[in-house]
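J.: These are the residues of each chain, in order.
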Amino acid sequence: MLNSFRQELRRAFMLLPRPGWLLLLTAVYIFLSTNWSPVEYVELGEAQIVQTTKPQVCVHTLLENEVQERKIKRSLELVREMGATTIVQFFPWAYFEPNDDKYNWTQADLIVRHAKNQGLRIIARLGLVPDWARPAASDGRATTLNYLPEASFDDFAQYASRLAARYREEIRHFIIWNEPNLSFEWGYRPVDPAAYVRLLKLSYPAIKDANPQAVVLAGALAPTNEIQGSPAGLNENLYLREMYSSGGAPYFDALAVHSYGATESADAEPGAGRLNFRRLEFLRQIMLEAGDGAKPVFITESGWNDHPRWSGAVRPSQRLQYTIKAFEYVEANWPWVEQLCIWAFRYPAPLNGYPDNFTLVSPEFMLKPIYYAIQDYARGWERGATQWLPPPEEP
Amino acid sequence: MNKRVRLALSLGLLVISSSLLYLFASLTERPADKVKAFPRGIIVVGVDASVPPFASDDGQAVHGLDIDLAKAIARMIDLPIRFVNIGYYGLYDALISGEVDILISALRVEEARMDDVRYTRHYFDNGLLLVAPVDEPVASLDGLAGLKVSYEFGSRADTELRKLEDKNEAATRLPYELPTYALDSLRLEYADAAIVDAITLRLYQRRFTDWNTAERYLSRDHYAIAARRDNRDAWRLVDGTLAALKESGELDKIIAMWL
Numbered sequence: 001m002l003n004s005f006r007q008e009l010r011r012a013f014m015l016l017p018r019p020g021w022l023l024l025l026t027a028v029y030i031f032l033s034t035n036w037s038p039v040e041y042v043e044l045g046e047a048q049i050v051q052t053t054k055p056q057v058c059v060h061t062l063l064e065n066e067v068q069e070r071k072i073k074r075s076l077e078l079v080r081e082m083g084a085t086t087i088v089q090f091f092p093w094a095y096f097e098p099n100d101d102k103y104n105w106t107q108a109d110l111i112v113r114h115a116k117n118q119g120l121r122i123i124a125r126l127g128l129v130p131d132w133a134r135p136a137a138s139d140g141r142a143t144t145l146n147y148l149p150e151a152s153f154d155d156f157a158q159y160a161s162r163l164a165a166r167y168r169e170e171i172r173h174f175i176i177w178n179e180p181n182l183s184f185e186w187g188y189r190p191v192d193p194a195a196y197v198r199l200l201k202l203s204y205p206a207i208k209d210a211n212p213q214a215v216v217l218a219g220a221l222a223p224t225n226e227i228q229g230s231p232a233g234l235n236e237n238l239y240l241r242e243m244y245s246s247g248g249a250p251y252f253d254a255l256a257v258h259s260y261g262a263t264e265s266a267d268a269e270p271g272a273g274r275l276n277f278r279r280l281e282f283l284r285q286i287m288l289e290a291g292d293g294a295k296p297v298f299i300t301e302s303g304w305n306d307h308p309r310w311s312g313a314v315r316p317s318q319r320l321q322y323t324i325k326a327f328e329y330v331e332a333n334w335p336w337v338e339q340l341c342i343w344a345f346r347y348p349a350p351l352n353g354y355p356d357n358f359t360l361v362s363p364e365f366m367l368k369p370i371y372y373a374i375q376d377y378a379r380g381w382e383r384g385a386t387q388w389l390p391p392p393e394e395p
Numbered sequence: 001m002n003k004r005v006r007l008a009l010s011l012g013l014l015v016i017s018s019s020l021l022y023l024f025a026s027l028t029e030r031p032a033d034k035v036k037a038f039p040r041g042i043i044v045v046g047v048d049a050s051v052p053p054f055a056s057d058d059g060q061a062v063h064g065l066d067i068d069l070a071k072a073i074a075r076m077i078d079l080p081i082r083f084v085n086i087g088y089y090g091l092y093d094a095l096i097s098g099e100v101d102i103l104i105s106a107l108r109v110e111e112a113r114m115d116d117v118r119y120t121r122h123y124f125d126n127g128l129l130l131v132a133p134v135d136e137p138v139a140s141l142d143g144l145a146g147l148k149v150s151y152e153f154g155s156r157a158d159t160e161l162r163k164l165e166d167k168n169e170a171a172t173r174l175p176y177e178l179p180t181y182a183l184d185s186l187r188l189e190y191a192d193a194a195i196v197d198a199i200t201l202r203l204y205q206r207r208f209t210d211w212n213t214a215e216r217y218l219s220r221d222h223y224a225i226a227a228r229r230d231n232r233d234a235w236r237l238v239d240g241t242l243a244a245l246k247e248s249g250e251l252d253k254i255i256a257m258w259l
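Which chain is which? The protein sequence lines are A and B, in order.
For the first sequence, position 292 (counting from the first letter as 1) is numbered 292 according to the numbering used here, and the numbering increases by one without interruption.
For the second sequence, position 47 (counting from the first letter as 1) is numbered 47 according to the numbering used here, and the numbering increases by one without interruption.
Simulated from the structure, these hints should not be mistaken for lab results.
There's no promise every hint is true.
[Unchecked claim] Ranges between beta-carbon positions, derived for each pair:
hint, chain 1, residue 1, chain 2, residue 2, range
1, A, P135, B, S19, 36 to 44 Å
2, A, P231, B, S140, 46 to 54 Å
3, A, R141, B, Y217, 36 to 44 Å
4, A, D139, B, N85, 18 to 26 Å
5, B, D115, A, L44, 27 to 35 Å
6, A, D154, B, P80, 43 to 51 Å
7, A, P231, B, P80, 15 to 23 Å
8, B, G146, A, E393, 18 to 26 Å
[As the list claims (entries may be wrong)] On the chain B side, residues computed to face chain A include the following (Cβ under 8 Å):
hint, residue
9, P52
10, S56
11, G90
12, S97
13, E99
14, R108
15, G154
16, R162
17, T172
18, P175
19, E177
20, Y181
21, Y190
22, Y217
23, L218
24, D221
Glycine is no exception: its CB is placed at the ideal position from the N, C-alpha and C atoms.
Next comes chain A alone, as it looks inside the complex (with noise of 0.2 Å):
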């Protein structure tokens, strides 16, 4: 009986995967499961030097999220030979520092790596908070990567400090967090500019202990008309104002300001409520009222959108006249702007909507006429070609 049942178990054993085939599928199964790819040799090449006859030229790049080094490349590539002299690149805390004092730097390096050898300078722009650094989930309310807790700005001031120390010879330009007035951008919370001052009074220091020679931008403001005690965010004029008397001015050594020209031309007047190009002007204002007016201005984004539908845009051909405009207005009249930076340089994935059409060359890397038209700006070429038919007659 005992060894009938023996049997009957040794044969429903022997029904059963071998351990050979077992760890053969479990193999398949982790291979099919992780994004495995072959590894990506990319030649750095020859060390190059931007031509340009226009070194205020600048452009947004979003490097971060480039899987393919060959693609980081190829984007600083084109960069230069448009005639930028300078990109502004986020480095994210989140993506770099994922656990406490555990840094991987393989992103930022490559970044860095091709963006020296491009001849070109950056501008780090610092934010994105590491779940580790901000609160958990409660209620089915997460914190979002834009969620910094004041107890964490030490933190952040010891990652800033951190990334200017590694890159001390490639990077000397930080922007402290991206548009602090908006309410989203400050991790869905009421936006606080004595809080934002705080944070450089950390940061600051930090940056400057590792990298004396490094050029710390407070701000990055967005333009917007919400009044105080708006959910949304606080008007960036208000928010300037309110940053001077928090005691902020020792603790930085220029201004990032965003300074999109929406639907109007890039020489239209600004005006109360007005959000275009020259609305930047209000906030010089108020740097010179506080006696501040030494200090620099970076437009660290600024552009056009020729989306065909978005209640923002302009068409093509008026993105093209405006963003050269706006090139040429800061050279005439705006000597304390140092660089006027384009968002954006080019997506590393279509967003299907109308943010897409803010970019001057596309995910596959086709270059739009706007990229055409900078370049011929920048590098004093008059190719002049227009990129399109004329719109169709009826016969």
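Based on these hints, arrange chain B on the given structure of chain A.
T.: Positioned in the frame of chain A, the structure of chain B alone reads:
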């Protein structure tokens, strides 16, 4: 019994037991809980009201296809609705932080967001269309060889056409500043075919109702509603309601109102 048969039997058993487990889980799953889904007793919808005809803001209220769709869903769920107008870049943060319950904002399904978000079935496809006269349809990009094709310079259509450049008999390309010019070119017979997205074509056809075309999708671009991943009840309620709206023909009526 040889090894192959044993392996096949084992795998078969695995598949059958997994299927039974899934079936059991599906049958015993409790109905979606409206209170858990929308604990505020109101459906708070995040929308970027800057992209007509899906959503726009006239200063008094928001209007558009997404707005009507959201209202239809709220009616069926039997809850009041509130819209929060958010810029594109803040939409997903608003959802994740609980500021809004769902997003209905011409959102494309993005795989990269699926750790945080569940998408419903799609309600619109804004893929690229290859458009040709109704009596001379073109079946595919390969069929464009030797033809004149119009498109918007620098658009997704442009990208697709450039992929054909290496082929021996590429199409003659007619780039225009605007996608509507590309359709003008086709309608006025300068071009043999045009490539535009579905929204552009539908809006154009509302202006030229007598103009008949044959279209074929070259790519898909599905719009869906997003809910937080941890709010499965909201996702199930909204997805189920969307299915019912599709089934009843109500969704088609809403789309036809705006496109």
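J.: So, against the hints stated earlier in the document, which numbers end up violated here?
T.: As far as the earlier hints go, 17, 22 and 23 are violated by this structure, in ascending order.
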